[in-house]
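*Asks:* Chain by chain, the residues:
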Amino acid sequence: MRRHLWLSPLLTAALIALLLAARAATPAFAQERGGQAFASDVTVSVSLSEVSALTGDTFTFTSEITNSGSEVTPPLIANLDFVALDQSTYIDPEDWSPQRTLVVDPIAAGSSATQSWTVKPVLKGDVAVYVVVLPNSPDLTTAGSLAASAAIHLHVEEHRTLNPGGVLPVVLAVPGVLALAFAGLRVAGKRR
Amino acid sequence: MTSLTRSDSSLRSAATTPANGWLVVAQQELRDIWLSWRGPVIVFMFSLLLSLLTYLAATNKELNIIDQKDTINLVLQITLGIGVAVSLLFSADAVSGERETLETLLLTPVSRRQIAMGKLLAAVSVWPVLMLVAVPYVWALRAGPGLFANAVVAAFVVGSLLTAAFACLGMIVSTVSNSNRLSLAVSFFVFVVLLAPTRVPLSGWFGDLIVRVNPVTAGSRFLDKIIVSEHTWGQEATLLVAPILAAVIAAAAAAVLTGRLRLQGGMGG
Amino acid sequence: MSAFYADIGKMELNPVRDPTHVTAGAAGSDPAGAVVAVDGISKSFGPLEAVRDLSFEARPGEIIGLLGPNGAGKTTAIRVLSTILPPTRGRFTLGGIPHTKPGAIRQQVGVLPESAGYPLHQTGAEFLRYYARLFGHPARTAREIAASLLSEVGLGERGSSPIATYSRGMRQRLGVARALVNAPSVIFLDEPTLGLDPAGQRQMLALIRDVAGQRGATVILSTHFLDEVDEVCSRVIILNRGEVIAEGSVADIKRRAAPRTARVHVPPEMNDEALSALKRAEGVANVGSIDAERGWLTATFDSAWLDEHGGVHINSAIRALTDADVLILSFELEGGRLSDAFLSLTGEGQQ
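Protein chains in written order, with our numbering: chain B, 8 to 199; chain L, 773 to 1041; chain P, 14 to 364.
It should be emphasised that the hints constitute simulated quantities derived from the structure, not laboratory data. Possibly wrong hints are sitting among the right ones.
As the list claims (entries may be wrong) - Mimicking DSBU-like on lysine-lysine, the simulated pairs with C-alpha atoms at most 30 Å apart in a straight line are:
{"#": "1", "chain 1": "B", "residue 1": "K197", "chain 2": "L", "residue 2": "K841"}
{"#": "2", "chain 1": "B", "residue 1": "K127", "chain 2": "L", "residue 2": "K997"}
{"#": "3", "chain 1": "L", "residue 1": "K841", "chain 2": "B", "residue 2": "K131"}
{"#": "4", "chain 1": "L", "residue 1": "K997", "chain 2": "L", "residue 2": "K841"}
As the list claims (entries may be wrong) - Only part of the chain L face toward chain B is listed, based on derived beta-carbon distances under 8 Å:
{"#": "5", "residue": "I805"}
{"#": "6", "residue": "W806"}
{"#": "7", "residue": "S823"}
{"#": "8", "residue": "A912"}
Claimed, not checked - Listed next, the stretches of chain P that the computed footprint assigns to chain L, with coverage defined by at least 3 CB atoms under 8 Å from CB atoms of chain L:
{"#": "9", "region": "127-133"}
{"#": "10", "region": "142-153"}
{"#": "11", "region": "173-183"}
{"#": "12", "region": "232-240"}
Since this is a predicted model, take the numbers as computed values, not measurements. Glycine included, C-beta positions come from ideal geometry on N, C-alpha and C.
Just need the whole structure built from these sequences, with the hints factored in.
*Replies:* See below:
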């Protein structure tokens, strides 16, 4: 036994080296295999499936990114996207939500991260709302490096109000007061 | 014999050059503008425009399509544009549009310069009225007390400088022009030329130079910075240089040239 | 019958009138001296000399007629004297004030311009109040002046109506009222009866007479209508192409075109007798037959004889016809009217 003692530090060092190499090799492994590893390891789910709302109403939902892989994910980007289902409506995402993109910290294997999203529909119609997650990396050329949630079917009706922002009294009163004032001035002028 | 004839001597001694002839002229011109249809119709139409604009803006504001500050900026910039344009047109019409009645006015002992000054004052009277009409609309857009006061004061200062400059320009053109149509066309053309760059994105050193030298673009940019970007006056004071210079130069030129006001247009003695 | 025709002849041939109204005490002037003194005034517009060497004087209460064809320089002269335009050369004083003090002169003069415009939306009273204030009267006095002047020119009941509702004649009267708002010592009226109907012209002339007579103001009246000058003016200045071609009393001017020809209508059967009688008449230089079949004749008088004997001696021709028992159907003098003098002096009658 004593003649094999010199082996244990060597073995220990080798094991450590292997572990470090394996850790470093994981992204390389992932890159070598492309996004398949990413796509299959990371899933996104949303808390709502269908929403009915009026224009101007605000609603919130959450998305949950789950890392079902064995390795920690790289830093991620979660992006909120809108698609008009009638294809004729143009949707400017900046008008619909103040949160376009969220940066998500790396998620440990087997863990998940939750994001909260606020949406304010500004046009009527049927819209698909979904979250796309991708690695926060400049190298996104490999296919399959995106993970997308299921779409929330958002049905928007137009909110009609006669008094948006409470401006109606002013909008009506000012011209009315002016008309009366000038009529009064004219009468007073003629009397003089 | 009438009582007037008996007191001819006393009345003749009482007939003098009025100390404030410009005030007498201004009072009559103000009556002509505000007790007739001209001024009231313009102000009423302006209020309808602002009502429509405010209503649409409030609708869009609720949908967050337009930022609140942008809305207020838009309302005040439109107020400024219309106020300056109307004052310019009134002053451009003040002399050349009234050549028939000008002769009897020139037969009074009131100096030419005072006649012009009185007409000019009446011409610019529309600006503060429009600004006053705009105030409740700006308030209704829920600006918040801090932004509301700052925005209104900034718009009033810029608008007053530009109104003074363009009204004086209009008066000069009106004095030298024999044709009212020409006077209005030239005055409005100059205004449009100076207004046009506000619609064009100007960048780079040349664009910045244009912005700062042109009193209209400088004034418009000043309002943008104060209202939308919420900069301080000190930060953007250099943008007021062009409007101030324009007002001073135009007023000085008007003071000199309107002294040569005569029956036919031109600058002869 | 001879006496009857002689009377008619006297009436026709001595139409000299002297409507001068001279009143003492017109304020702002020397009663014994001229209130208007013009010396060599000229006005040029580039190469065009619109008025050349205009000189005249006027006393308080005089009504001076300024005559001339279109483009003679009447309006330009008035505009220079009322300080609307500066003179190119010469000098003048009004009420003792030199032309170098236009503001002070404007306090002394009232003007009704030929092309005066009126603010149609204003009422007559408002218009006069405005101008009273421009002449330094406070608001209350201005109201009193306006009311008084409106009454004086016959617009008392229309003072609160917009000027847009006034007729041409009413606007002219309003213009005269405006010219009087500062109780001027000199009043310039440029074509005051232009566009008025005969009744309106009569009213205007009566007003002008009143202004000069009651106020003692000197009136310079520019007009095309020679009858007006004949009726109200004491002196006439005739301009042509910017120059004064005649100046004097109305009578003096008329005398320059004293009647020299008579047109006679007699029964056709008496044509020869009439010709013979006229040839024998004293002072008749030439006799001719215009239309013998209808009995129209002309008799031209000798100019030197007329100058020596005066216009009334044209009666010699009438006497010659009546002595020959020729029936005179009409006897018309050509000349002797201001219009004849005017046309003769300006050469327009020859065009």
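*Asks:* Would you pick out the hints that fail for this structure and give their numbers low to high?
*Replies:* 1, 5, 11 and 12
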